[in-house]
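Undergrad: Chain residues, written in single-letter form:
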Amino acid sequence: MSQVSLYDDRPVKQMVYPAVVFLIVGMFIGIFISYNGFLKPDAFAGEYIHFGRVRPVHVSVVTLLWLLSANMGLLYFIVPRLCGVPLWSVKLATATNVIWWPTLILGAFSLPLGTNFGWEYAELPKTLMGGLLPIKILLAIAWVLFAINLFMTIVNRRHEQMYVSLWYVMGTLVWTTFTFIVGNFAVEWVPQGISRVNTSFFYVHNLVGLIFTPMGLAIAYYFIPKISGTPIHSHRLSMVGFWSIAFVYAWIGAHHMLHGPQSQWLQTTSIIFSMWLIVPVWTVVTNLLGTIKARWEMYSKSVPLRFLTMGVVFYLIVCLQGSLQALRNVNELISKTDWIIGHAHMSLLGTFTYFAMGGVYYVIPKIVQKPLWSEKMADWHFNFTLLGSVVMFVALWVGGFQQGLMWANWATGSSYAQFHENVSRIPFLATVSAMWWWWFARLIGGVFIFTGSFLFVLNVMNTIILPVENPERMQA
Amino acid sequence: MKKWFSKLEWSAFLTLLGVVALFSTAIAVTLIAPGYIDPSWQRPSSTYQVQMYEVSDPNVYFSTANPGRWGLQYVYHLKDGFTLMAFRESPLVRLLADPELEPYVTRLNDEELKLTTRVLLLRRPSESEEIRNLQNQLQMAWKQEHPEQEFPPHFDILELFDPEKKEAFALGETDGIVEHWIDNHFTIIGQKPTYTTSKGVIYVNNPKEYTVSESNYLGSKYWLYNENGEPIENLHELKSGKLGFLSRQELIQKGEDIYRVEGCWYCHTDQTRTLVQDTVLNGSSDFPAPPSSASEYIFQRVTFPGTRRIGPDLSRVGVKRPHRDWHISHFWSPKTESLGSIMPSFKHFFDNDPAGTLPHPYTIPNYRFEAIFHYLMTKGTRITPPTQAWWQGKDPIHTIDIIEGR
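Here the protein sequences line up with chains E and G, keeping their order.
The numbering used here puts the first residue of the first sequence at 76, with every later residue one more than the last.
The numbering used here puts the first residue of the second sequence at -14, with every later residue one more than the last.
Honestly, the hints are just simulated from the structure, not real lab data.
Some hints here could point you the wrong way.
As the list claims (entries may be wrong) - Simulated restraints, written as ranges between beta carbons of each label pair:
| # | chain 1 | residue 1 | chain 2 | residue 2 | range |
| --- | --- | --- | --- | --- | --- |
| 1 | E | TRP511 | G | PRO76 | 50 to 56 Å |
| 2 | G | THR372 | E | ILE216 | 51 to 57 Å |
| 3 | G | ILE387 | E | VAL469 | 22 to 28 Å |
| 4 | E | TRP511 | G | THR159 | 22 to 28 Å |
| 5 | G | GLU158 | E | VAL473 | 38 to 44 Å |
| 6 | G | THR372 | E | VAL469 | 50 to 56 Å |
| 7 | G | GLU215 | E | SER490 | 22 to 28 Å |
| 8 | E | GLU263 | G | GLU218 | 34 to 40 Å |
| 9 | G | SER314 | E | VAL443 | 57 to 63 Å |
| 10 | E | LEU402 | G | LYS379 | 32 to 38 Å |
| 11 | E | GLU122 | G | THR372 | 27 to 33 Å |
| 12 | G | ASN219 | E | ILE106 | 53 to 59 Å |
A virtual CB, placed ideally from N, CA and C, is assigned to each residue, including glycine.
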């Protein structure tokens, strides 16, 4: 019980509680656009609800309002415990969160009204209300306050040795600040045209690679040994993994523009570093799976460990895909198809959302001093989510691959007349219509995931709100 | 501070230092260096591209107030010492000019095109015996040359006059997408504008004075083009009031904003990649589209290369779909215009029709339609001058040879 007095978990609650609610809000919007944008286009028609206006809301809600916020909440939990000291300033954390939530909510839900910034993953408006509310500057300030708070906690730590999660946390605090400024501000400081595109894709890639990856790995590196009750497989491997990430990620943004209007040498550079990516990924995966393997029976006993383990598996797949997709001949087939959508969902949903869900399942009972409301419901959450995820990913990959093959078919033959004949026979829109059943499968997968996540939120909220019926259970 | 550093042990300090150092190197090489190493990232694709964006776009105006009802009107803003104008006869156009203005007229058999930046205008001469005789003479001559044709055409007879103003407004004569361009056999009489290059110039062909008069339609008053109306006094008058003209530059920028906030870029890519399938998809029936180059994007504030192709690529749409009417029907109802399309309809690009008597299903396209249309029409049409355009088979990088494996 000494932990209660040492750690004040209000900042964790301030971030995690709203985040889990926004998880299902974001997923519901995802289901809406997969129906209204693809299966029955314009079933609900209108200026403010068509696909182009609602898609950025889905992306912003699930990436920022859910994933980034939940991860920040989990870091408020992890960092003080790894340092053996309370958070540097709970007041500062509360102030940070008070800036964070309204800014982000207003920013994300203003998008259908026509405030889209125009650069991918940086859609939030620069300002709202005629410039009175500088959304992006406020977010940057909130992040810097968050970083100061965690850095000061680390500086004041009691345990000399820094666990690998802390390395990742420090990395993410520095990288995110840089990356956010580059993608949201510097993109307008560089010359117009491809310089801006290149800067934007640097941000797009590093949002995943240098913000969500180190945060997610910090979480996985903390909770996997905690839950399975074994020390980390190898400290040396974790160092290799960390430093190679630092070395590799910032170089590979340009692989989003392969075959595009961008210098060949830059494309080649990004391909080489994309191959290098295999090093950090395999070390991390070996390390984490090696840790789980030591207590493999825990996989069936613990739902959070199941999420964390499947997150690691998806991490391996998504990063292997990432490297292979950067090869020119693979990229030619799958780039600009639904494969990419499947890939993006596997990284942010399959990997980092799974990590965060595992973390939330572990953290909630600890911070409310009550057992999880229903283990069984958590089981169903996992089953629904995993099933839905696999259906969605596979549908998007196969559909995307098929569309890529149909496009490549236009290039069969040896004369322009033949190429042109190919396009006349299978026009572009035929390759869109061919996707219908894959999009249907994607929606089914999405409904499963949403159902699972709904159980998750219900479970978490009941744990928080409902009194413990049988106090004996806490002891058991 | 001392406390900070003494507690921050050496390894942690090295970590931070290492992270910052590696990150900075990556930024220097992948973000900062390319713009300097590869000049095409900031160099225009052609002098035509520069003149379109910097000379033509700010000085061509489009009516955005109810253009759907009476057809689009567009107007060149002619400026003394800046706008190049040509007064050129063609088989069906004859020009009358005083001896003082005769040097500015390019007659049918002249070898060189005469251009000037002196503000002169064409107008229809008032009816007279002389004009009727000229029309008859021309028609007789035509009949002798074309004995197989029963009816001679009506010749356009216009007179050149000096409005004695520093600026004037003239009716547009092109399609509003590709402007008149000449790269050899031309002379400039008088002052040469600063943008003139030996590679060619954009000019306004046969500017006809833009005059308007007030009309009534169902009780509301509208200004309309009328040959016998009053000339426009100044830019302020053109831009304000019922006609509400916007320059093509303003429309293109608004169009880019619309493309951005409507999220067009989530479904449409804006790049012809260096892949056979892309050059074929965007190509015409005879020629493949050249792959996009970095220099095509330098006049855009936001560039949308795109990551997903749910709708067709738009990097050559100005060549593939140049017709305004097609875009009007398509934005109104994409599903019926393109079979199999899943694009949402954009009915907010249209205003209500107060009378409800229009002979077509869509209502009146508003300025948002004009904006997105002109933005789209920049795509693929401005890489090279129209005389050396890829759609005429004059692709500078010989895409067809590459993709056919020669």
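Undergrad: Please write out, lowest number first, the hints stated earlier that are contradicted by the structure.
TA: Violated: hints 3, 4, 5, 7, 11.
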